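Chains A and B are the protein sequences, given in the same order. Quick note: the first sequence, position 91, residue 91 per the numbering used here, numbers continuous. Quick note: the second sequence, position 1, residue 1 per the numbering used here, numbers continuous.
None of these hints come from the bench; they were simulated from the model. Do not rely on the hints blindly, as some may be mistaken.
Said to hold, decoys possible - The calculated DSS-like cross-link candidates involving lysine-lysine, where the alpha carbons are at most 30 angstroms apart (straight line), are: (1) B:59 - A:242; (2) A:244 - B:51; (3) B:4 - A:316; (4) B:4 - A:131; (5) B:4 - A:242; (6) A:323 - B:4; (7) B:4 - A:244; (8) A:31 - A:42; (9) A:267 - A:210.
Unchecked claim - Label-pair restraints from in silico Cβ distances: (10) A:61 - B:4: 45 to 51 angstroms; (11) B:131 - A:29: 25 to 31 angstroms; (12) B:100 - A:131: 21 to 27 angstroms; (13) B:4 - A:227: 38 to 44 angstroms; (14) B:4 - A:2: 31 to 37 angstroms; (15) A:314 - B:28: 21 to 27 angstroms.
Every value quoted in this text rests on a predicted model; they were computed, and no experiment measured them. No residue lacks a Cβ here, since even glycine has one placed at the ideal position from N, Cα and C.
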Amino acid sequence: MHWRLICDENVSASFGLAADEVLTKHIGQGKSIPVLRLYSYKNYSALVGRFQEVESELNVDFCRKKEIAINRRPTGGGAIFMGEDQLGIAMCIPGKSDDNYGRARELMGHFSEGIINGLNSIGVPAQFRRKNDIEVNGKKIAGLGIYRDNSGGLLFHSSLLVDMDIEMMLNVLNTPFEKISDKEVDTVSKRITTVFKETNSHINMAEMRKCIAGGFKSSLNISLSESSFAETEKREIAILEKEKYAQQDWIYQTPQVKDAIGTAKLKTEKGLLDIRLTLAGQQIKALFIRGDFFAGENAVADLEGSFRWHSTNQQKIELTLDKVYKLRKNELASLPLGALKKAITLALNRARVLEKKQSSEPYGCFVTPGGRVHV
Amino acid sequence: MAKKEYTFPTDLFYDGKNHMWLKKDGDNHILVGIDAIGLDTLGDLAYITLKPKGTEVKKGESIGTLEAAKMTGDIFAPVSGKIISINNACVENPGIVNEDQYNKGWLVSIEATEWENENNQLISGENLQPWIEAEIHRMETQGFDA
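Using the sequences provided together with the hints, build the complete structure.
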């Protein structure tokens, strides 16, 4: 099968988002063959998830002061911080007309494989983590999202951290930190990873795009030919930018169900344990673990990653904890399992209380969860 | 891997394309929700928005949007008509849909205007079992079990 490959750089937030949506729509309508788009945003853009609240997720004053664009993605998940060192990856494909659901499930695997193959080809041992992440040894390196357009087109989107200015990101996203000092930067830096960090080299964006395109070619068995936006696509992107992505009504809309944060601090024999948990409905969207215990950062990142989009069912929580502890027994020896179970339960119960009060709190896609602490 | 089991009440109609269920009363009022395979594919729901009462929709048009563990997207009307009621409880707590999708988890009620023309595109009665089996087979062979 033959696909178009569109590469563009330094796009504005509104153009980047509108272009993905127009391409997806055109493909759903049968006006275009599938597209792989590899692009970067201007320094910088802060993009919240489809149902998030801007004011809860982002430091809006800071963004305005630094002229950082704010916008809203059609895909779900947490807020992301994009610029010239983060690669946007959009795969726009048709959803079979009789198979909207199964097609998406099938292709989510292929989509992540394309990125994983590309990363593996430059020596980054990336792997898929249920449900929407790509990680390297427990540390998140890319987030994934699917948007199903009403034309039938499917947009698979990923933000891949080639490099990251952690301090800038922490200033843009609302975080659990009261101030952004070297300690906070160091903590976050140890929980996520980047291509630069994993390869210990400064691969440029052109090479990065080449290796990701190669990953897609081999995983999907497709050929790619470099393409650009057709004139009709450019016109529709300009219209969609103006009518949707430049509109305050789209960017600053308020969700009816607001995220709730619960926190818990426990003294254990190995040190203080500080938990922050973000709850959306019946889902744990994010878990953040801090404290003065000595545990391997990869293992803690793995624990946190295991609880992104996790059920609030107590048995399932315990099963997940048991599974991670079994795999990382030594690294987690100083973080008592019983205390962690207790702290998560406590934080979850507090989040539920807050949820009932319609509290809204933030979390970020790579820095989870964020925001002010209410309990 | 354990074989998944799905519940499909036999007194309902199903929109095979979008995995929605429909329950009809005598006045062409149609309760609409997401069926078991649709929900399994989406994963747990985090957010739902629904178009307001009084909105007129055509079959296949959006009646709202959702964010689930695995994707965001529109919720599609399985029949044409006017939305006469929406389930605000599910908007406020989408987890209700995951817990009780065929009862408390209904999403909208539509006053169907073209039921006679559109109901033959829905799945029900003796067609139900073969369709479920085909869908499960498809999910097992193509599905991505995240």
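We went through each hint and held it up to the structure:
no.: 1; hint: B:59 - A:242; verdict: holds, 29 angstroms
no.: 2; hint: A:244 - B:51; verdict: holds, 18 angstroms
no.: 3; hint: B:4 - A:316; verdict: holds, 18 angstroms
no.: 4; hint: B:4 - A:131; verdict: holds, 19 angstroms
no.: 5; hint: B:4 - A:242; verdict: violated, 46 angstroms
no.: 6; hint: A:323 - B:4; verdict: holds, 22 angstroms
no.: 7; hint: B:4 - A:244; verdict: violated, 41 angstroms
no.: 8; hint: A:31 - A:42; verdict: holds, 29 angstroms
no.: 9; hint: A:267 - A:210; verdict: violated, 49 angstroms
no.: 10; hint: A:61 - B:4: 45 to 51 angstroms; verdict: holds, 48 angstroms
no.: 11; hint: B:131 - A:29: 25 to 31 angstroms; verdict: holds, 27 angstroms
no.: 12; hint: B:100 - A:131: 21 to 27 angstroms; verdict: holds, 23 angstroms
no.: 13; hint: B:4 - A:227: 38 to 44 angstroms; verdict: holds, 40 angstroms
no.: 14; hint: B:4 - A:2: 31 to 37 angstroms; verdict: holds, 36 angstroms
no.: 15; hint: A:314 - B:28: 21 to 27 angstroms; verdict: violated, 44 angstroms
Of the numbered hints given earlier, the model fails hints 5, 7, 9 and 15; all others are met.
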